Amino acid sequence: MRASQAAAAKQIETLDLENFFNPSSVAVFGASKAAFNLGATICKILSDEAVGYRGRVYAVNRKGEDVFGAKGFRTLEEIPDAIDLAVIITPAFVVPELVRQCGEKGIRSIIIESSGFSESGEEGKRLQREVDEAARRYAIRLIGPNCLGILDNRHRFCCMFGANDLAPLAVAHPGSVSYVIQSGGIGALLVERLLDDVSGINKMVSLGNKSDLDEADFIDYFDTDNTEVIALYLESIGGGRKLMEAVRRTKKPVLVYKTGKSEAGSKAVMSHTAGLAQNDAVFDGACRQAGMIRLHTPEELYTLPKMLTEMPLLKGRRIAVFTNSGAFGTIGADMLSDTRLVVSPFSEETKARLAKLPGVFNAENPVDIGPAPPEVYLEIYNILLGADEVDGILHMVSMWRDYVTDVMETLVSLCRKHEKPAAMYAFSALDKLRAAQLEKRLPLFAGAQEAVRALVVSHEQFLAVQKKGEPLWIQ
Amino acid sequence: MDSIIQNAVAKGRRVLSEHDSKQVIASAGLRVNREKLALSRDEALAIAAEIGYPVVLKGSSDKAAHKTEMGLVKLKLANAEDVGLAYDEITAKGAELDGVLVGEMIASEREFVMGLSRDPQFGPCVMFGIGGIFTEAIKDVTFRVAPITEHDAEEMIDEIRMSKLLGAFRGKPAVDRAALVRALVALGDLGYRSNEIAEIDINPVLIDGDSPVAVDALVILKKFE
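Top to bottom, those sequences are chains A and B. Residue 286 in the working numbering sits at position 286 of the first sequence, and the numbers go up by one each step. Residue 555 in the working numbering sits at position 80 of the second sequence, and the numbers go up by one each step.
If you are wondering where the hints come from, they were derived from the structure by calculation, not from laboratory data. The structure displayed is predicted, hence computed values, not measured ones. Yeah, the Cβ is synthetic: ideal placement off N, Cα and C, and Gly gets one too. Do not take every clue at face value.
[As the list claims (entries may be wrong)] Reference listing, derived: stretches of chain B covered by chain A, where coverage requires no fewer than 3 residues with Cβ under 8 Å from a Cβ of chain A:
| # | region |
| --- | --- |
| 1 | 618 to 626 |
| 2 | 632 to 646 |
[What the hints assert, rightly or not] Cut-off 30 Å, straight-line C-alpha distance, at most; resulting in silico cross-link-like pairs (DSSO-like, lysine-lysine):
| # | chain 1 | residue 1 | chain 2 | residue 2 |
| --- | --- | --- | --- | --- |
| 3 | A | K417 | A | K440 |
| 4 | A | K242 | B | K697 |
| 5 | A | K125 | B | K551 |
| 6 | B | K614 | A | K467 |
| 7 | A | K125 | B | K697 |
| 8 | A | K417 | A | K468 |
| 9 | B | K639 | A | K468 |
Just chain B, same shape as in the assembly (with noise of 0.2 Å):
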């Protein structure tokens, strides 16, 4: 995690790519979703048979922070012939990208939010919340102070609006609360001992099975002069 951090540094680089933003996130406790970064079609296709599918292909950059409003993401990728074909598309888009995301396809409905912020008063702070493409929009989202502990953790997960959703929903299993807490919980003190990272975006975090995986995730370093 460091040294993807220093890397990045020393680049001048603030944005890492989601490849490298989850493997921050991994390195801190957190379970991502399985993937690689593919450089060519032939090693995407090795990628996808190695997951198994279905699987998601991404275009990894550093510098598409939208990449599914830029046709960089395809999902539900049930066979050969359609990774390469999405390969195909993806590298067409004429984006400068440093390889394309093979990943594990989790099926889920319930999307959750998590994050780290700098508060100007309070210093890192955590979020949770319901995620997707309208978290904006639902806007059902808490925070606490970081570090933070099982307990506020809890209180976190039980004090948004949508609640619910994190019990038994649609034939599926209630969340896996434990480890949805130790997830904040490391996501706060990731935020705490770390001096570089300015924002940290998991969104969205689906829930496979019962268990809580982060599917894309950003993070974001302080200006340095």
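The following block holds chain A by itself, in its conformation from the complex (with noise of 0.2 Å):
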């Protein structure tokens, strides 16, 4: 175990994927002026009628000829520059070669999202061999193939083929949350879904066929840069203790979807154990062991961030629930209790200060306050954020009046100052919160249900931190 871990470290220490984020020049193998041309499509991103990408940008083609802005060269030995990353998107059968020829001009990054290698019959999975031999001959490390590359707010770098609109959307709208995807739908569910969010994307990645870097790099990667939530949406891991390391090395919250729940285990297995060790229980256990937190939607890949990057963590289980709206008191109380978070009691002395404040209806938890003034509002916060026994606060309220946005936006820094967080939904006039959500920076979830879960979320995160700072395994 010392001597795997050792090796790991020093790939750590080897492996650096800037390039793959901040190359200076990259030239992308199969752009042309065809039509339908895919790889025409990343120039077309990179140019400034998209992003505006400020390094060198060349197309390689058969006629040598420019694309949206890219010079065009015929081959690679062509091109006078030094070259930083490399995008493939030629046919399969083609790319072998391409690698040598990137190894031979000194090229050490290259993302293939060509498809028809490991993913389509034996013919690929020859290719692929190929590929693979050519890359660790230079020493190469390669995304995909079949994949869609990267984006990267921040650099305004974006290679996904055919994220023509959705690109320059997503630049304008930078963030701090990094995402490991393997699927081209669920980055543009989350490009489009961020940009009205507190939160927004710092880099994505697209993995393919991982056959070579995966998950667990980008885990690494992600924890050296300004990234603060690390996103995954998987479909297959690249290696489960591998995988199980890379999260224990980061404090950053690791957030994971994966797909293939229903997978059955292995078959025909003669003991109970082996019968229910399906794929998915283990999974289940490992992120719990390595400290990952398991996602229940795709979507919470987009809600829940926001938790994580505006507020702080919840660190007991106790919560106060706060609302100006009966109703939503006992609806909250109602879906805390099915979790591990307790509605907690408050103490005398909170009480008996809660009693004191005009429109309070109840001064026990959950708290419900009739019309009031956003000076009670603010006075209830400082109570609750200050009350030993309340470690955090699920804050549901109708919009009854404008001001309410900026009492939640005050609440935000009150968090922060008292390090305990805040859940915040409210549940009416829901074009004004939209606007403010920006505006004020609010931290604001749909819905009861994703509010709660994202007080769960914070609390599993706080437990993980904690547990981080022990070794995964012991030998």
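Hints given; two lone chains; assemble the complex.
Listed below in structure tokens is the structure:
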């Protein structure tokens, strides 16, 4: 175990993925002016028409023609410049040769977006082996094949073919969540849904067949950059233990949604244990063991990060429920009762302080208030966040007056001051809320259940961080 | 333990008998119920007297995975007469036996399961959960990737839906958590260190007073070409 960890540590030292996200020069193989050319969409995305990438872009095609401002060459050799990153989107059968040419030119980072490799039959598997061999010989690191490549909002770099419309929107809304994905559809969903959210995308990488780099390598990389939350959409795992070790190394939250829950375990097993050891149950245990947060739905990939980027972590299980509409106090308490969190009874002191305020209907937990001025809201927030018996707030309010968004803005800063989180849900005047969300940077959840989940996940991450001080497995 | 496994490998066997399986897990540090293999009726009676009544008799075979269904298990035998009768019935079933196990009878209302399996992605994994004949139906189990720490074992114990069964229950004391933790950690170490073991199934693990005891076990070896 020690030897393998040492080897892994060495690999991390030598693994520099920066050129994939922030290359000074990129060559796109297979980009041409032919109709429906996918490589051309990448050149278009990088041009000033779209994201306005600041590095140099070259197109390599048979005619040597320029493509959307990218200078064209017939071969890589002819490009006089040094190339940081090669993006290959040609028919599969020429890819091994192109990888060798890249190796000769000294290119060490390649993204292969072409399909037709290990995902498609014997011939594809043979091609993939050839590619892998060439990459090994030249110490090239590969993303793909059969992938969409990279989006880096801060460096305004995107080589995701076909993302012409979405990429410019994405780079205009950079954030601190970095994604590893295995599906273009999920990528598009994340970009679009985060556009009016306080969280945004820092980087996104689509992995495809993972013949070389996998999710664990990018967890290690995102641990070193300005990423605050790492989120994974996985359909397969590169290596189980490698993934667990990478998760354990980073203190940043790692959220994962994995498909294949219903996948049957190995067939014809003799023991109860093996019968029950279906893929998903083991993956679930591995997540808990390493400190990775398992998401329930693909939507949580974009709804939950804001709780982790905007709010302190939930350090205990005791929640104060606050509402200005009695029904939601009960709804919140009901929903919390299905979790490991608890609606904690208030101390006599807290109750007495709440009872003194005008408009407070219920000075117990859940706190319920009637029509009241903003000062009362703020006074309640201070009492709750200052109470020793409260670890966090479930805040569910009606937008009965415009100032409710103002008090929520103050609540965010009070939460940071007290180092206790609030999960905020407001259930009326949705158009006003949408505007306020970005303008006042409010981490608002779209439903009561979502807000409760945010608290649960925040506490899971707190517990994961505590655990990460210890080694994953002791030998 | 190594000799049991080497012996099975040499004979081309993949499934260890209950008795051999228990010796393997006992040598890893798990508590198993006291038992001996009887090769004759008289030997069975002598062992029963030595262990003390009540006892359990089980036909021992590395070919019979479903002993209860085959009528090879006789529980709560209170005296020599019962043991003699049970011995005759078991040996009359016509199953290929290497003897009859005479074991200490543990009375327990709580039944747990522990196990070890190998996942294609994660390698050896430890399982803990609710055991007994309804294990698959109840499906209240949890996994960790071996080797596991004491902290991992603690989490597993707290994680199952019916973790309340580990507390004081129907007049019985709370289960000795430390013993359960030690057993799970030992199982993980065994799975991680052994190259030969493919699966281990310990079901049920009964609670004797507060102490977890394995009363049935099955060790399955990997296929060697």
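Can the restraint linking B:K639 and A:K468 be considered satisfied, given a maximum Cα separation of 30 Å?
28 Å, holds
Pairwise hint evaluation, A:K468 against A:K417, where the allowed Cα distance is 30 Å at most
The given pair, whose Cα atoms are some 25 Å apart, holds under the 30 Å limit.
With a Cβ-Cβ cutoff of 8 Å, does the region 618 to 626 of chain B contain at least three residues near chain A?
Answer holds; 8 residues pass the 8 Å Cβ test.
Given the proposed pairing of A:K242 with B:K697, does the C-alpha separation stay at or below 30 Å?
24 Å, holds
Straight-line alpha-carbon gap A:K417 to A:K440, limit 30 Å
Satisfied, since the Cα-Cα distance of roughly 17 Å is no more than 30 Å.
Does A:K125 pair with B:K551 here, judged by a C-alpha cut-off of 30 Å?
60 Å, violated
Does the region 632 to 646 of chain B contain three or more residues whose Cβ lies closer than 8 Å to a Cβ of chain A?
With 1 residues close enough to chain A, the hint is violated.
Holds or violated: B:K614 and A:K467, Cα atoms, limit 30 Å.
27 Å, holds
Within a Cα-Cα threshold of 30 Å, do A:K125 and B:K697 meet the stated pairing?
Within the cut-off at roughly 29 Å; holds.
In summary, the structure is inconsistent with hints 2 and 5 from the numbered list given earlier, while agreeing with the others.
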